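Protein chains: 2
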Amino acid sequence: MVKRRIAEILRSGQPDESILIQGWVRTKRELKGFAFIEVNDGSSLASLQVVMNQNLPDYEAIIKKLNTGASLEVTGVLVPSQGKGQRIELKAEMVEVYGEADPETYPLQKKRHSYEFLRTIGHLRSRTNSFGAVFRVRNACAAAIHQFFQERGFLWVHTPIITASDCEGAGELFNVTGLNLKDIPRTENNAVDYAQDFFGRPTYLTVSGQLEAEVMAMAFSNVYTFGPTFRAENSNTSRHLAEFWMVEPEMAFCDLDGDMDLAEAFLKHVFKYVLETCPEDMEFFNQRIDDTVLATADNIINNEFQRLTYTEAISLLEKADVKFEYPVSWGLDLQSEHERYLAEQLFKKPVIVSDYPAKIKAFYMRLSDDEKTVRAMDILAPKIGEIIGGSQREERLDVLEKRIIAQGMQPEDLWWYLDLRRYGTVPHAGFGLGFERLVQFMTGMANIRDVIPFPRTPQSADF
Amino acid sequence: MVKRRIAEILRSGQPDESILIQGWVRTKRELKGFAFIEVNDGSSLASLQVVMNQNLPDYEAIIKKLNTGASLEVTGVLVPSQGKGQRIELKAEMVEVYGEADPETYPLQKKRHSYEFLRTIGHLRSRTNSFGAVFRVRNACAAAIHQFFQERGFLWVHTPIITASDCEGAGELFNVTGLNLKDIPRTENNAVDYAQDFFGRPTYLTVSGQLEAEVMAMAFSNVYTFGPTFRAENSNTSRHLAEFWMVEPEMAFCDLDGDMDLAEAFLKHVFKYVLETCPEDMEFFNQRIDDTVLATADNIINNEFQRLTYTEAISLLEKADVKFEYPVSWGLDLQSEHERYLAEQLFKKPVIVSDYPAKIKAFYMRLSDDEKTVRAMDILAPKIGEIIGGSQREERLDVLEKRIIAQGMQPEDLWWYLDLRRYGTVPHAGFGLGFERLVQFMTGMANIRDVIPFPRTPQSADF
Numbered sequence: 043m044v045k046r047r048i049a050e051i052l053r054s055g056q057p058d059e060s061i062l063i064q065g066w067v068r069t070k071r072e073l074k075g076f077a078f079i080e081v082n083d084g085s086s087l088a089s090l091q092v093v094m095n096q097n098l099p100d101y102e103a104i105i106k107k108l109n110t111g112a113s114l115e116v117t118g119v120l121v122p123s124q125g126k127g128q129r130i131e132l133k134a135e136m137v138e139v140y141g142e143a144d145p146e147t148y149p150l151q152k153k154r155h156s157y158e159f160l161r162t163i164g165h166l167r168s169r170t171n172s173f174g175a176v177f178r179v180r181n182a183c184a185a186a187i188h189q190f191f192q193e194r195g196f197l198w199v200h201t202p203i204i205t206a207s208d209c210e211g212a213g214e215l216f217n218v219t220g221l222n223l224k225d226i227p228r229t230e231n232n233a234v235d236y237a238q239d240f241f242g243r244p245t246y247l248t249v250s251g252q253l254e255a256e257v258m259a260m261a262f263s264n265v266y267t268f269g270p271t272f273r274a275e276n277s278n279t280s281r282h283l284a285e286f287w288m289v290e291p292e293m294a295f296c297d298l299d300g301d302m303d304l305a306e307a308f309l310k311h312v313f314k315y316v317l318e319t320c321p322e323d324m325e326f327f328n329q330r331i332d333d334t335v336l337a338t339a340d341n342i343i344n345n346e347f348q349r350l351t352y353t354e355a356i357s358l359l360e361k362a363d364v365k366f367e368y369p370v371s372w373g374l375d376l377q378s379e380h381e382r383y384l385a386e387q388l389f390k391k392p393v394i395v396s397d398y399p400a401k402i403k404a405f406y407m408r409l410s411d412d413e414k415t416v417r418a419m420d421i422l423a424p425k426i427g428e429i430i431g432g433s434q435r436e437e438r439l440d441v442l443e444k445r446i447i448a449q450g451m452q453p454e455d456l457w458w459y460l461d462l463r464r465y466g467t468v469p470h471a472g473f474g475l476g477f478e479r480l481v482q483f484m485t486g487m488a489n490i491r492d493v494i495p496f497p498r499t500p501q502s503a504d505f
Numbered sequence: 043m044v045k046r047r048i049a050e051i052l053r054s055g056q057p058d059e060s061i062l063i064q065g066w067v068r069t070k071r072e073l074k075g076f077a078f079i080e081v082n083d084g085s086s087l088a089s090l091q092v093v094m095n096q097n098l099p100d101y102e103a104i105i106k107k108l109n110t111g112a113s114l115e116v117t118g119v120l121v122p123s124q125g126k127g128q129r130i131e132l133k134a135e136m137v138e139v140y141g142e143a144d145p146e147t148y149p150l151q152k153k154r155h156s157y158e159f160l161r162t163i164g165h166l167r168s169r170t171n172s173f174g175a176v177f178r179v180r181n182a183c184a185a186a187i188h189q190f191f192q193e194r195g196f197l198w199v200h201t202p203i204i205t206a207s208d209c210e211g212a213g214e215l216f217n218v219t220g221l222n223l224k225d226i227p228r229t230e231n232n233a234v235d236y237a238q239d240f241f242g243r244p245t246y247l248t249v250s251g252q253l254e255a256e257v258m259a260m261a262f263s264n265v266y267t268f269g270p271t272f273r274a275e276n277s278n279t280s281r282h283l284a285e286f287w288m289v290e291p292e293m294a295f296c297d298l299d300g301d302m303d304l305a306e307a308f309l310k311h312v313f314k315y316v317l318e319t320c321p322e323d324m325e326f327f328n329q330r331i332d333d334t335v336l337a338t339a340d341n342i343i344n345n346e347f348q349r350l351t352y353t354e355a356i357s358l359l360e361k362a363d364v365k366f367e368y369p370v371s372w373g374l375d376l377q378s379e380h381e382r383y384l385a386e387q388l389f390k391k392p393v394i395v396s397d398y399p400a401k402i403k404a405f406y407m408r409l410s411d412d413e414k415t416v417r418a419m420d421i422l423a424p425k426i427g428e429i430i431g432g433s434q435r436e437e438r439l440d441v442l443e444k445r446i447i448a449q450g451m452q453p454e455d456l457w458w459y460l461d462l463r464r465y466g467t468v469p470h471a472g473f474g475l476g477f478e479r480l481v482q483f484m485t486g487m488a489n490i491r492d493v494i495p496f497p498r499t500p501q502s503a504d505f
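Those protein sequences? They're chains A and B, same order as listed. Residue numbers for the first sequence, in our numbering: 43 to 505. Residue numbers for the second sequence, in our numbering: 43 to 505.
Source of the hints: derived by calculation from the structure; they are not laboratory data. A few of these clues could be false.
[Claimed, not checked] As a list, the in silico DSS-like pairs of lysine-lysine whose alpha-carbon atoms are at most 27 Å apart: (1) K425(A) x K391(A); (2) K310(B) x K45(A); (3) K365(A) x K444(A); (4) K425(A) x K365(A); (5) K107(A) x K45(A); (6) K153(B) x K444(A); (7) K70(B) x K107(A); (8) K314(A) x K390(A); (9) K401(B) x K444(B); (10) K224(A) x K152(A); (11) K70(B) x K153(B); (12) K106(A) x K126(A); (13) K126(A) x K152(A); (14) K224(B) x K224(A); (15) K310(A) x K45(B).
Keep in mind that this is a model prediction, so the values were computed, not measured.
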């Protein structure tokens, strides 16, 4: 007997096929002389309806065990379904129960649970419809990302998680140490004696793989990272995680226009892929979570993103008939309210804002001839805000050194990064995508903690 | 003018095509009236030969700048090559130099450098033939892994990097903390006051995503992790990294035989994929690094792995006409010398040893009816030793609780892991693959530090 996944049976199973399935009970309905069992194996949102006739051996004993959450194996024959809601169902010939789930204690009963409650049972919540759909879509997003870059000849590069570099986000770094926190060794001057630590110096969890990705782009032309990054920011909001996944492509011989083109093609590709591979899950989100997600996906796939400069954006915001909490003027960073106005109200689609003031952006972004702006761009998505941030990188050694010093850093600390400009420097550009923000955007899930299997947030590192 | 990647030109470029390429100079050869420039863009081991005629505008000035490592853009026409070693070459019509590389200071001159030296310039070493080939093959291995699992309906799940669980590798864990190491807060009893730390408790870098992968397998049936893992083990060897990538599939409704079948199919798939996508790089490794890598790949793809139990392995080792440093007897863990004897000398191919003594294996492995062995398996590869370790997991609540207690741990600490056995437990199995070991195995590179872009080892966290 060939084992089959339920997604595939629901899609293409034919009457009279003999099959074997394995999964978990979602619901049980007992009628006179027979019972309907909805069995789910995680391959799809929909479950397969199994019909058990009372003539089956041990019918009573088995039915008693088949409560929500119990695991089982069923062999039987596919038959056309008489009932509503399914094309086909499985007439059981043999049912084996692997593990029961006591209805008195199993937390996932048929009723609807709040996401807050489900976060406290993170080890079980993937068994619900919502989280099943979220993590299937999350996987599809990830697969789409790899497909997009691999097809275009980009190498996936693994940049380091533990880093000695603290130049990008000082104050928001997690320390990594092999030292015993109960007994930190001291130098003669009473400083921490890092010489005794595992790496012989202070080390942190990375906040970005970009600088190392640039190293790799200077050898392979086109590369991308896709890995975990960290912020020790004490933000207890629905938008922040201490540990999240980032995607960071980096392209040699590429300017900001090429960067924006790639980012737009990238988002379109991912949405298309997910709609094609997870149509049922996306339909579910549209019905149950946010009735705009399908329209949003359509909008992204079929429209050009609106491109405008920061200076143009400021001008539009100044003209806007809206009272902003943070007043707008050239030189200030855009706040969430401004980003939302542009993407949601004014253009009603993703917006790419470019050429930000140099003062509010990172040292590595390429200074324009006006010496006031840098070749940076942010993609602002309706409801999510900034989903992608990118820039052309400063490839000129002298300009980069000046910018490093101006931001209070030591060029010596970045000797290897500067070497990239000393030896065979080229125009290059890249962007960063917060992967969980993308999954939120895709699914309409309101809280970022509900799109990653095991969220890490202040005071919370369960499971 | 359409920009082309050099790999693609070398594969399928045709005479008379007008093209544009961008890359870096590998070598320059000046002859009377013209020059040959080998240009590499990282897309392939081989470079494209560019022919520059002295009639080109600024010929002398440009040639002077085109030293090894300089970056450039060339437009021109493809012509059949008169020289040996290439089918086609590019007759330059315009050459633009982006960035020079001073031959007096640029560390990568034409001569061969030791891997030790190249590790000190990790930001440049990817520009060499060896590391170019290594990281293209590394990417191909990674792409093959995703392809293998995605095609089989496995979900890629992101298990947490920061974990509060210390039950798997106590003593070899990196601490993660938001506390200031210079000023660790204390409780009244002078213990570390973790209540003030970011997560409100001690946290570490993960050593494995397996337990969380089991959570996900209990909802989606088949999942895999592919992410970084960590060991704070002070091992300064060619086989150890403090930070490395692991692949950990986990399958519900699967026993140890299914686990071994999957692991074998998996390795065959990855080798096949890499041979197909990186034939030139693999040829390079076979010629320059280890003249057995192609034979090994062939062996893996075309032979069934040898399967035997630990008990059988011990018996074969006892009969072996070899003086082992560690004498063999039932109950002892296999040492590297034993593993190598089995894989390299006795069977001359990968060997799967299964059913190890319970005492030397982890608590979560399924106890067999003999109550002496567990359903564990290791795949031992010639020259590499253990490349995959897997097991069927203990799915019986009572047995698992006893094993946890027997190993000196607290069942309460693993309440969520035990819940998986309380509610809908199923037979399940999985394995772990050290990704860098796989890349070593594939390429023949002797030191594990040379198959990851930025190695993390004791006293070393550069770049």
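Verification of the supplied hints:
Between the alpha carbons of K425(A) and K391(A) the distance comes to roughly 10 Å, so the proposed pair stays at or under 27 Å and holds. Only pairs whose Cα atoms come within 27 Å are accepted, and K310(B) paired with K45(A) is accepted, the gap being roughly 23 Å. Annotation: proposed proximity of K365(A) to K444(A) is violated, straight-line Cα distance about 39 Å (limit 27 Å). Straight-line distance between C-alpha atoms of K425(A) and K365(A) comes to about 19 Å, which keeps the hinted pair within the 27 Å bound.
Simply put, K107(A) and K45(A) have alpha-carbon atoms about 22 Å apart, close enough for the 27 Å limit, and the pair holds. The hinted pair formed by K153(B) and K444(A) fails the criterion: a straight-line CA distance of about 34 Å is larger than 27 Å. Restraint check for K70(B) and K107(A): not satisfied, since their Cα atoms lie roughly 77 Å apart, outside the 27 Å limit. The hinted pair formed by K314(A) and K390(A) meets the criterion: a straight-line CA distance of about 19 Å does not exceed 27 Å.
Between K401(B) and K444(B) the CA atoms are separated by roughly 13 Å; this keeps the pair inside 27 Å, and the hint holds. With a C-alpha separation of about 47 Å, the suggested pair K224(A) and K152(A) falls outside the 27 Å cut-off, and the hint is violated. Under the criterion of a C-alpha separation no larger than 27 Å, the hint pairing K70(B) with K153(B) is consistent with the structure, at around 14 Å. Of the supplied pair hints, the one linking K106(A) and K126(A) holds, its CA atoms being roughly 25 Å apart against a limit of 27 Å.
The hinted pair formed by K126(A) and K152(A) meets the criterion: a straight-line CA distance of about 20 Å does not exceed 27 Å. Restraint check for K224(B) and K224(A): satisfied, since their Cα atoms lie roughly 12 Å apart, inside the 27 Å limit. Between K310(A) and K45(B) the CA atoms are separated by roughly 23 Å; this keeps the pair inside 27 Å, and the hint holds.
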